[in-house]
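Hints given; two lone chains; assemble the complex.
One line per chain: the protein sequences are A and B, in this order.
To convert, note that position 479 of the first sequence is 479 in our numbering; the numbers rise steadily by one, no gaps.
To convert, note that position 102 of the second sequence is 1102 in our numbering; the numbers rise steadily by one, no gaps.
Since the hints were derived computationally from the structure, they do not count as laboratory data.
Quick reminder that beta carbons are idealized off the backbone N, C-alpha and C, glycines included.
Mixed in with the good hints, there may be bad ones.
[Unchecked claim] Each pair of labels, with its calculated beta carbon distance range:
no. : chain 1 : residue 1 : chain 2 : residue 2 : range
1   : B       : 1122      : A       : 335       : 35 to 45 angstroms
2   : B       : 1006      : A       : 284       : 56 to 66 angstroms
3   : B       : 1108      : A       : 403       : 15 to 25 angstroms
4   : B       : 1006      : A       : 403       : 39 to 49 angstroms
5   : B       : 1051      : A       : 403       : 35 to 45 angstroms
6   : B       : 1004      : A       : 486       : 14 to 24 angstroms
7   : A       : 5         : B       : 1108      : 43 to 53 angstroms
8   : B       : 1097      : A       : 19        : 31 to 41 angstroms
9   : A       : 484       : B       : 1133      : 18 to 28 angstroms
10  : B       : 1115      : A       : 182       : 32 to 42 angstroms
11  : A       : 243       : B       : 1019      : 56 to 66 angstroms
12  : A       : 491       : B       : 1066      : 19 to 29 angstroms
13  : B       : 1019      : A       : 5         : 49 to 59 angstroms
14  : B       : 1006      : A       : 457       : 42 to 52 angstroms
[What the hints assert, rightly or not] Derived list of chain A stretches under chain B, where covered just means 3 residues or more per stretch with a C-beta under 8 angstroms from a C-beta of chain B:
no. : segment
15  : 203 to 217
16  : 389 to 399
17  : 404 to 416
18  : 442 to 449
[What the hints assert, rightly or not] Some chain A residues near chain B, calculated using beta-carbon distances under 7 angstroms:
no. : residue
19  : 161
20  : 165
21  : 172
22  : 178
23  : 385
24  : 422
25  : 424
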Amino acid sequence: MLDALLVLFQVDNLLFLLCGTALGIVVGAIPGLTASMLIALTLPLTFHMDPVNAVTLLIGEYVGGISGGLITAILLRMPGTPSSIVTTFDGYPMAQQGKAERALALGIMASVVGGLVSWAFLAGMSPTLAHVALQFGPWEYFALVLMALFMLAALASGSLVKALLGAALGMAFALPGIDSSVGRDRLTFGFDSLLSGFGLLPVLIGAFAISQILREAAAPAKATGPFRLPDRHLPVHVSDIRRHGPNMMRSSVIGTWIGLLPGIGGNVAALISYSIARQFSRNPERFGKGEEAGVVAGETANNAAIGGALIPLITMGIPGSVTEAILIGALTIHNLQPGPLLFQNSPEIAYGIIAAYLVANILMLILMWSTVRYIAAIAQIPRAGLLGVILVFCVVGSFAVNNSFFDVWVMIAFGVIGLCLELAKVPLGPFVIGFVLAPIAEEQLRASMMMSDGDVTAVLQRPFALVFLVIAFAALLWPAVSAHLAKRVRRTAE
Amino acid sequence: MNQPRKTAVGDLLLAAGALIGAGLLFWGASELPPPRFEPLGSAALPRILGVCITVLALIIAAGAALGGKRHSIQEPDAASDEVAAADASDLSAARPLQTIAVLAALIVYVAALDVFRVPFVLATTILMAALGAFLGVARLRTAITIGITGVLLALAIQFVFERYLYVTIG
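Pulled out of the complex, with its shape left as it was, chain B reads as follows (with noise of 0.2 angstroms):
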């Protein structure tokens, strides 16, 4: 898929998404009660909003439609080109697995914590490891050390809520 084309469905999904929130902020208001003691009431926000997000998001949704057209209106200028060329990550060369990995590894370590009742100390030294993996780290020696890193911050958190905050984690 060309840039353009990835750039249209990307803007089709978002208006996509947007629409489904703006419904959920109509029916959300259309359980409220009408306003009482006010002109505006409950209601009023969540619908105004619903309606902006709408309007939005069928413009984002008509322009990738009409051929993937940017809907930039700004002109873009030499100098914000250099600072957006800078600034911006290179996407071709981008992993996604790994963003998926560590999105996967976090999730699984808030359950462990949450869900499951692992303790603190070994879910966090675990997560840590697992980090090294994904994000290749090709050393031994930097894996032992991102693992030691794990249980001595591991143990200092716990340390710090136990002690002074009275709250346990997990």
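Okay, chain A solo, but in the shape it has when bound (with noise of 0.2 angstroms):
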């Protein structure tokens, strides 16, 4: 690890990190824009890059773009990315009182606090967990791949039935090109072109970034409070850390156990924490109204959610959210298999991650209390504008994969076919997911059948592998069982 830190001080890292970092607080603090669609946007470039200057700049675009929505969130009741919703419960309403550097300086130092006890957690838990998954076999990680696709189902927004058709259909558009196994092509359908099947970069960008925009387009303008910028310095004292240091703590864990979680993400961490700091306080009608707690709870949980996601992706290469999917993408281009030999065969970037993740927090917290008020003028910037460069940005990275405009058209089919999902209240992050994981699932699943000649019943000589199975298929019950529970509660309740 202190070797991984030398090599991120060196001027080059430092500076990737720095920019990743300043760019993912810009982007976060527009809404619209998430860090997601930024990552995607970014890859292109990382293809010349080192692999460690590469991570480390998706690293920082990740932490800073999950920050920033804060900044609008707050000043102007616009969360600049999902998990910021919850902050503008009570942000917004400090805002309007008068209160805007207090709410600002709070939620900074929240975020700051949760993604350090988040770094604590993977930079403790990672190596140790990676280690226990190099017992893993074909069937293990199956079960495992199995296991994440139920879960982001199961606990995804809507219907269960729908995220599932959503994975599944995921999964069948990773199937064209050469099937490497037997090396002959598969449903290309006589189409050259789909020899290599669909780009992992144009269908993210597509299913992403393209039907974001569309949805954008579509939007109408939303109206802005009173907007005014943080004109004071941001007022934060060594009594805040005393007063708010138990809900930082909680929500921090909170956000590092659900971000670890497939597919729930920062905006739900934040909103459990917020639920359960509103439990915990003495003064819980004031949550919604303007309450210091409300904000610290929200922030801390979603920065905290991303250390969470972490774990699984460079423990066993499991992407816990599509921000992840992403980031396996970056490492797939540069060679680099995630999971756990990637502590082994590439410790550099395995805790070159880790301290990635601790130096952004850092860099987070400078940029932010510096420019923060600048920053909040960014969210002016005509739509128009602002929508046109990232298009032109979009058809650029396609581009790059390959030189190819194939994969343009790629990019835009997909940016179709994701805003139609989403249309259908189909969620895109089983689809995206199911997407990554159908080759190592496929694969996985062939060498398990080959080294069991055929036996299906040899997984249940692989306690990891069942446990999997079991936590799979209970996650697809989850969603009746609970309905059934809370059923039961209110009409106790009556």
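Below, the structure written as structure tokens:
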């Protein structure tokens, strides 16, 4: 870890981390633009970079992208990212009461604490988990992928059936191309362009950036609240740490553990922490009217969720969210396989991610503290110009993958598919993660079946795989069970 | 059309699209040779996914046909509703024509670069100006700023690509 930190403090790495964090904060502060969109768009730029530089840039963007959302959430009641929705509940009322500086200061402080606590979990748990994961064979990996997909579908908002359909469709789109096991084309329907399949990057840019731009174009211009740049210093005192410390620690732990679970994300972590903070508060009636603890709980948890989500990514190669799926794509581009072997084969990358996450949080604190009033003004940029610039970057980014316009057309097609899925209320998370995980699932399943000579019951002799499968099927049953329990509780209350 | 009916029609369209996809998977899988050295072979996953997609699509279609009931097994709780309400764009006020216009502009832009070999700087400037017009830039000063941004952006991207990556776009 110390070596990774030393490498990170080399001028080029630090510069990329600084640029990534700054860019992330700016993009995160702009409503409609998200960290995952930024990372997907930056990915083509990392092709020619050193892997450590690339990873530091992307981690900086991730941390900055989630943190930046609090600025517009507090000042304009427009959450820059979905993770900051909860911050609007109390942050905006505080701003209306003339306490914008205080809300921003608490939000930034909470974000950093959340990030640092989850970093401790990330640094402490990852090497041990990776060591355990080294004992995994094909059955375990297949069961793990199944577990991730089922949990993602079960915990996605809305219909379970639609989330499962999204995952299955995502997996189906990953099938065309050359089947490397037998060296024969599959599902290409005579189109030579499909021999190498659909590229990860055009699919990601299309499904996220293009579909989001198309949605943004249709959205009416949102009325913003009275906007005033914070003009004083950001007031925060040592006593605030004592006052909000328990809330921050509790929300950090909640955020980290929720981040660990595939598919839930920072917004749910923030919401749960907010609800628990309200339950623990002596003044629950003040929540939603400008309560400081509300801002602290939400911002601590959404940042802590990043560290939690990075744990399964680097230890097992399983993405917890769409952003991690894109990060897996980034590592794959550099011929790095995320998973337990990353700690053995490329320790500079595994520990580099952990170290970059720590330093990105500190840089985020410095950058946001010093530039918050200027970043807030960016949200006022005309939407037409902003969407146009992003659209051009999408086209150029997709083209740059193989210098081919086929990839650009694929990007547009997946943009339309993404939009249609969202209109049909099919969550995009399971779709994209299904696309990313399908090759791993197929490879591991085929290897498992070869090892066991076609005997499916061989999985019963693998305790880890069995546990994963039990969790996977329990996750599928969870929505029905929780609905039943909620009904019973309501009946009892009546 | 009221909202439940709209949802039911949307679900039927989704199910139809998914069934077409499943059909393509079965068709593609039927053209693959049987496995020779392994138990599963190339056609196994397409077939498994084809079955899954068909079953899920039929469940969605049945739900839509039987009165447009929501398929959500999850009991909506107040908290997730709060997030959903804050997150979702206001569909009633959405302007679908803008989406179609932006998509059409994007397709024309890529076709101009790919098929008609229009110079990148010119195509990008026109795209930016068109987007400004579609997305309702009322002030002339803002429209000019967006146009100039387009030129500068295109020049910068072209410079980086040609100078450092030796790639010509378009």
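Verification of the hints:
1. A hinted range of 35 to 45 angstroms holds for the C-beta pair residue 1122/B and residue 335/A, which are about 38 angstroms apart.
2. Under the hint 56 to 66 angstroms, the C-beta atoms of residue 1006/B and residue 284/A, about 38 angstroms apart, miss the expected range.
3. With their beta carbons about 21 angstroms apart, residue 1108/B and residue 403/A fall inside the hinted range of 15 to 25 angstroms.
4. A C-beta distance of roughly 43 angstroms is found between residue 1006/B and residue 403/A, which places it inside the suggested range of 39 to 49 angstroms.
5. Taking the beta carbon of each, residue 1051/B and residue 403/A are about 39 angstroms apart, inside 35 to 45 angstroms as hinted.
6. A C-beta distance of roughly 23 angstroms is found between residue 1004/B and residue 486/A, which places it inside the suggested range of 14 to 24 angstroms.
7. At roughly 50 angstroms, the beta-carbon separation of residue 5/A and residue 1108/B lies within the given 43 to 53 angstroms, and the hint holds.
8. At roughly 38 angstroms, the beta carbons of residue 1097/B and residue 19/A sit within the given window of 31 to 41 angstroms.
9. Against the hinted window of 18 to 28 angstroms, the Cβ-Cβ separation of residue 484/A and residue 1133/B comes to about 54 angstroms, which falls outside the hint.
10. Evaluation of the 32 to 42 angstroms hint for residue 1115/B and residue 182/A yields a pass: the beta carbon distance comes to about 36 angstroms.
11. At about 58 angstroms, the beta-carbon gap between residue 243/A and residue 1019/B stays in the expected band of 56 to 66 angstroms.
12. Checked against the hint of 19 to 29 angstroms, the pair residue 491/A and residue 1066/B passes, with Cβ atoms roughly 26 angstroms apart.
13. Take residue 1019/B and residue 5/A: their Cβ atoms lie about 54 angstroms apart, and the range 49 to 59 angstroms holds.
14. For residue 1006/B and residue 457/A, the Cβ-Cβ distance of about 47 angstroms falls inside the hinted range of 42 to 52 angstroms, so the restraint holds.
15. Coverage of the segment 203 to 217 of chain A by chain B holds in this model, with 5 residues showing a Cβ closer than 8 angstroms to a Cβ of that chain against a need of three.
16. Coverage of the segment 389 to 399 of chain A by chain B holds. Counting CB-CB distances below 8 angstroms, 6 residues qualify, and the rule asks for three or more.
17. Given as covered by chain B, the segment 404 to 416 of chain A passes the check, having 6 residues with a CB less than 8 angstroms from a CB of that chain where 3 are the minimum.
18. For a cut-off of 8 angstroms, the count of residues in the segment 442 to 449 of chain A with a CB near a CB of chain B stands at 4, and the three-residue condition holds.
19. Checking residue 161/A against chain B: minimum C-beta separation of about 5 angstroms stays under 7 angstroms; hint holds.
20. Interface hint at residue 165/A: satisfied, since its Cβ lies 4 angstroms from the closest Cβ of chain B, which is below the 7 angstroms cut-off.
21. Using the Cβ-Cβ criterion of 7 angstroms, the hint placing residue 172/A at the interface with chain B is satisfied: the shortest such distance is roughly 5 angstroms.
22. Here the hint on residue 178/A is broken, as its CB sits about 10 angstroms from the closest CB of chain B, past 7 angstroms.
23. The closest approach between the C-beta of residue 385/A and any C-beta of chain B is roughly 4 angstroms, which is under the 7 angstroms cut-off, so the hint is satisfied.
24. The criterion of a C-beta within 7 angstroms of any C-beta in chain B is not met by residue 422/A, whose closest approach is roughly 10 angstroms, and the hint is violated.
25. With a least beta-carbon distance of about 4 angstroms to chain B, the hint placing residue 424/A at the interface is held under the 7 angstroms criterion.
Of the numbered hints stated above, those contradicted by the structure are hints 2, 9, 22 and 24, listed in ascending order.
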